[in-house]
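Visitor: Sequence:
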Amino acid sequence: MFGRHRHDREGEALVEQLVTMWVRACEGASLVRVVDTVSGPTIIPPKIVDITLGPPTILVVELQPGMLPADVVDLAPRIAPHMDAWGLHVEPIGHRHVRVALLDSDPLTGTVPLLAGAGLHLGRDESGADLRIAPADLPHAVCQGVTRSGKSVWTYSLLAQLAHRPDALIAGCDPTGLLWRPLAGSRHADRLASGLVDPGAHEKVLAAVVAEMDDRIRDLPADRDTIAVSLGRPLLFVILEEYPGLLRVLDAAKTRGDDPGARVRALVSRLLAEGAKAGVRVVILAQRAEASVVGAFERAMCSLRISFRCDNRASVELLHPGAPPALADAHTAALPGIALVSRPGHPVARIRAPYIGGYPEFAAAVAA
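Be aware that the sequence shown starts at 495, since it is given in our numbering, and climbs by one per residue.
Hints in this document: simulated from the structure, not taken from any laboratory. None of the values given here were measured: they were computed from a predicted structure. One or more hints might be untrue.
Said to hold, decoys possible - Here are the simulated distance ranges between beta carbons:
id, residue 1, residue 2, range
1, 862, 514, 53 to 61 Å
2, 675, 823, 51 to 59 Å
3, 684, 712, 48 to 56 Å
4, 692, 756, 17 to 25 Å
5, 578, 806, 40 to 48 Å
6, 855, 548, 15 to 23 Å
7, 609, 826, 41 to 49 Å
8, 712, 630, 16 to 24 Å
9, 827, 609, 25 to 33 Å
10, 578, 826, 19 to 27 Å
11, 659, 823, 36 to 44 Å
12, 794, 535, 36 to 44 Å
13, 681, 712, 33 to 41 Å
14, 712, 855, 40 to 48 Å
Glycine included, every Cβ here is placed at the ideal spot set by N, Cα and C.
All chains, please: the whole structure from these sequences, using the hints.
Guide: Here it is as structure tokens:
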């Protein structure tokens with residue numbers, strides 16, 4: 495009995511300490527509402543209404559009028575150290591409350607195995623939830639990341655999942671000559687261009703995909719504006735590996751009467767603008783989604799945006815405008831396999847990409 499009472503008192507003391515730390519951290523980070531009164535300004539931080547001691551310790555916080563959950567997210571890097579936490583994981587609860595988990599370490603440091611399940615496994619977030627999207631629900635996507643950031647391994651995991659799906663076909667361009675080798679001789683091979691021995695092959699592949707898209711749109715029933723995906727008409731995933739590099743090669747071949755780079759840009763623009771209703775999904779891959787190559791139109795059409803480690807904050811903000819500056823800065827030093835994800839209806843979030851292994855494991859998974 496005495497031990498239980500002592501434990502209760504220790505818990506009560508810790509709760510009081512957390513409340514005090516929260517108030518002071520919010521005041522220091524300016525996460526407060528200021529009310530002018532006759533005796534001077536009154537500073538009111540968001541109010542803790544419930545605490546569940548962990549790990550991880552969970553705070554339920556009532557926001558002050560005028561505050562948004564995004565305000566807590568933006569200031570989380572400044573608040574966390576003063577809560578004796580590595581970081582804060584913030585989730586909205588209705589319109590007036592947020593759930594704040596005090597993380598004692600980075601939840602994304604371990605590897606995430608590529609697991610079978612419903613939809614495409616794209617990663618795991620800080621709460622431990624897997625990010626899965628049904629292939630038909632996947633929007634156009636753009637993914638960037640510097641060398642050794644994990645972008646290639648994420649691409650391997652995506653292709654390994656698509657390769658054996660009867661409702662999906664892989665098409666696209668790979669100027670590196672590596673990505674499509676495991677798919678040689680497969681049902682996907684006719685829609686793939688690899689290497690730079692024949693740069694024109696990439697244009698031919700994209701032109702063929704656009705022609706197939708046009709056929710699908712032409713065959714739409716009068717009462718439908720999107721095709722019904724089936725085994726006879728599977729989704730077409732157009733993967734553009736190192737797209738900026740491909741464009742640079744094509745632009746270098748430009749002559750007064752011939753501009754292959756412009757034609758490829760036009761074909762990709764059509765796929766982005768019209769492909770969704772025809773069961774076409776474009777995935778643009780780049781070390782850096784620089785504005786001169788992946789322009790405003792392309793970024794606007796790609797509503798799923800993924801960034802592995804980038805060389806600077808500007809690169810992060812290019813795909814994730816509005817990301818908290820501290821998050822963008824920290825991502826320039828992210829570990830391999832950790833990415834930022836922006837998608838419709840969700841704030842920018844950190845994920846750990848599923849790990850299939852290296853190139854040999856990718857080749858084996860595709861050949862299986």
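Visitor: If a hint holds in the structure, say so; if it does not, say that too.
Guide: So, going through the hints one by one against the coordinates:
1. 862 to 514: 53 to 61 Å: Between residue 862 and residue 514, where Cβ atoms are some 57 Å apart, the hint holds.
2. 675 to 823: 51 to 59 Å: Once the Cβ atoms are compared, 38 Å apart, the range 51 to 59 Å for residue 823 and residue 675 is violated.
3. 684 to 712: 48 to 56 Å: Violated, since residue 684 and residue 712 (Cβ atoms, about 21 Å apart) do not stay within the stated range.
4. 692 to 756: 17 to 25 Å: Given about 19 Å between the Cβ atoms, the range holds.
5. 578 to 806: 40 to 48 Å: violated (31 Å)
6. 855 to 548: 15 to 23 Å: Violated - the Cβ-Cβ distance for residue 855 and residue 548, about 36 Å, lies outside 15 to 23 Å.
7. 609 to 826: 41 to 49 Å: Taking Cβ atoms as reference, residue 609 and residue 826 lie about 30 Å apart, which means the hint is violated.
8. 712 to 630: 16 to 24 Å: Roughly 21 Å apart at Cβ, these two residues keep to the hinted range, so it holds.
9. 827 to 609: 25 to 33 Å: Taking Cβ atoms as reference, residue 827 and residue 609 lie about 28 Å apart, which means the hint holds.
10. 578 to 826: 19 to 27 Å: Because 26 Å falls inside the window, the suggested range holds.
11. 659 to 823: 36 to 44 Å: Because 38 Å falls inside the window, the suggested range holds.
12. 794 to 535: 36 to 44 Å: 43 Å Cβ-Cβ, so the 36 to 44 Å window holds.
13. 681 to 712: 33 to 41 Å: About 24 Å separates the Cβ atoms of residue 681 and residue 712, which means 33 to 41 Å is violated.
14. 712 to 855: 40 to 48 Å: holds (41 Å)
Against the hints set out earlier in the document, violations occur for numbers 2, 3, 5, 6, 7 and 13.
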